[in-house]
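Residue numbers (numbering that gives the first Met the number 0), protein chains in the order written: chain V, 0 to 508; chain L, 0 to 135.
Hints in this document: simulated from the structure, not taken from any laboratory. Keep in mind that a hint or two might mislead.
[As the list claims (entries may be wrong)] Computed list of lysine to aspartate or glutamate pairs in EDC-like fashion (alpha-carbon distance at most 20 Å, straight line):
no. : chain 1 : residue 1 : chain 2 : residue 2
1   : L       : K61       : V       : E469
2   : L       : K108      : L       : D81
3   : L       : K132      : L       : D73
4   : V       : K493      : V       : E431
5   : V       : K408      : L       : D90
6   : V       : K408      : V       : E425
[Stated by the list, open to error] To be clear about the criterion: a stretch of chain L counts as covered by chain V if any three or more of its residues have a C-beta under 8 Å from a C-beta of chain V, and this derived list gives those stretches:
no. : stretch
7   : 85 to 92
8   : 107 to 115
These numbers come from a predicted model, not from an experiment. By construction, the Cβ of each residue, glycine as well, lies at the ideal position given by its N, Cα and C atoms.
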Amino acid sequence: MSWLAERLAEHVHTQPERTALVDGERRIDYAALDEHVNEFAAALRTLGVQAGERVALILPNSIEAVVATYAAWRADAVVVPLNAQAKARDFEPWLRHSGARLVVHEVSNRDARAAIEALDPRPQVILVDDAAARGSLRWQVLPAGARIERPMPVAADALAAIVYTSGTTGQPKGVMLSHANLTANVQSIITYLGLGADDSTVTILPFYYSYGASVLHTHLAAGARLVIEQNLVFPHLMVETMARERVSGFSGVPSTFALLLNRVRLGEYDLSSLRYLTQAGGAMAPALATRLRAAIPQARLFVMYGQTEATARLAWLPPECFDDKPGAVGVAIPGVELEVRDEHGASAAPGTVGEVYARGPNVMQGYWRDAALTATVLGTDGWLRTGDMGHIDADGFLYLSGRRSDMIKTGAHRVHPNDVEEVIAELDEVEEVAVVGVDDDVLGQVIKAFIVFADDADTSIDRVKAHCRERLAAYKIPKFIEAATELPKTASGKIRRSLLASNERREDS
Amino acid sequence: MATIAANNIGVMEPERSAVVIPRAGMAQSAAGTGACAPAHSETQAASKPGADTTMDHKRQIKQFVLKNYLFTDDDSALADGDSLIRSGTIDSTGMLELIFHIEETWKLKVADEEMVPANFETIDAIAAFVARKLAA
């Protein structure tokens with residue numbers, strides 16, 4: 000059994016009645032959570048799920064998503080947490096590529112259903128009745144199974160999860176994380192945040208992203224309390240929950256904090272219980288960070304950096320260093336080595352910009368069923384090529400200065416331009432398309448598409464957007480569309496996205 | 000990918016005569032906060048504070064949501080009682096844009112404490128909220 004699932008069982012002995020999860024009006028203590036996990040693990044076994052087989056989850060944050068994750072581990076299966084906002088065109092290649100034996104999804108998710116129906120053989124399905132008004136857990140039908148006997152410990156390098164970071168029709172990219180990866184990263188984070196059973200947090204970060212997953216697993220491993228809020232549509236309601244639940248911590252991406260500071264009169268709420276805040280998911284403007292620290296002065300702000308290929312976390316900035324090291328994402332977390340290399344692959348001198356490499360027990364096992372892609376980022380010596388550019392100062396603090404890839408960061412999401420371009424290019428009237436990220440005060444970046452339309456095309460922007468809406472998660476729909484007569488290209492004919500993006504920045508300034 | 004599209008929720012085909020974009024580069028905001036959002040100006044032109052009925056509010060709000068979040072004129076794409084949030088039609092920034100639109104159109108102020116699901120979960124709820132605010 001995994002260390003994380005093991006920890007859950009330990010809490011049943013030490014603090015059975017302490018609340019583990021709060022989800023709307025549902026509160027569940029560690030004893031009940033453990034019981035539900037056992038029940039679901041037994042159901043997986045009854046349905047024939049074997050050790051090492053993949054169980055895909057298409058679920059928004061909920062008690063059910065937590066139970067299914069830990070139950071899969073207790074049954075020695077591999078969890079494949081899929082983005083619940085994605086569409087059928089994403090789910091189908093992910094499910095096929097992962098070879099999912101079983102899928103857990105909400106009854107109302109028509110995209111999940113459509114993707115499953117297109118597969119042969121079809122995976123088994125466990126449904127969550129999201130229309131159920133009340134009730135402890137909302138499984139539509141859960142086969143009763145014999146209780147799982149305490150299994151043998153799994154090998155440390157046994158696979159715990161496959162996390163798809165991008166790729167739809169092209170090349171699904173599934174990050175393989177072992178139980179040892181998860182354990183190492185969770186233990187490091189617990190150490191530097193000083194998390195204990197008395198801690199609690201409200202979380203809006205999706206569990207299917209590495210940041211949200213790390214918030215979930217660190218709190219359950221510490222025996223702490225996690226309050227699930229679905230979104231930030233009504234930001235002051237979330238702050239009310241933070242005050243009411245007297246939470247000790249809160250984690251967000253820069254846009255989370257921008258929304259809270261701009262839309263909620265934080266001074267009107269009693270947030271004195273907050274002892275720390277964490278921020279990851281892209282650089283936060285120094286002015287925003289300063290406002291945040293002034294608004295909640297007693298809370299220590301931890302700026303952090305990482306990526307899914309490193310389970311979640313690679314670096315953290317001790318709050319005490321915030322003023323001395325403005326703009327830094329910190330030092331390596333316990334157990335991790337960071338290095339910046341020049342274009343020749345040699346270790347760069349302090350202050351010299353190069354590509355960031357990382358090594359440690361949290362570095363992934365590789366990309367699922369793609370040894371060639373794995374070899375492009377993961378050396379046999381264990382060093383991971385992050386794709387991020389930056390430098391390390393003389394004191395060992397890492398500063399980032401952009402990415403080598405074109406990945407767009409919008410809110411808590413990562414969007415690869417290819418995913419959006421493929422969809423827009425399906426329209427007959429589109430001759431060429433390029434998608435870039437443009438700066439946005441709240442979301443960090445929003446998506447902009449440049450389209451060259453065929454001559455005489457009677458085209459509406461709405462038609463392009465409606466087409467995207469049908470086929471892409473809402474956050475991938477371009478906010479701006481610009482008709483262009485031509486797109487800049489390299490000598491070999493490749494569209495120069497970076498030039499389009501930098502032109503945008505110049506026009507803004 | 001034809002199989003997937005066929006299984007998807009009904010394909011929406013907005014009228015071809017919607018907005019014809021010029022060949023020269025003109026950017027438009029998806030959510031209608033830009034100066035050149037047609038739905039926005041249409042609804043503003045149609046709104047005469049004090050003379051509206053609840054049905055008019057509902058129609059205008061729905062047009063705004065259809066146009067700016069679902070990118071269609073097809074009234075059947077969204078039922079008045081559908082949850083805008085659970086369905087993923089509107090996210091956190093979309094809600095701010097919708098509230099801004101309501102404040103601009105009906106010249107009213109939405110207080111923080113009024114930003115709750117009871118007032119903004121569905122088209123029905125928003126229309127009733129606007130009617131209450133205008134009557135107050």
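Which numbered hints fail: 2, 3, 6
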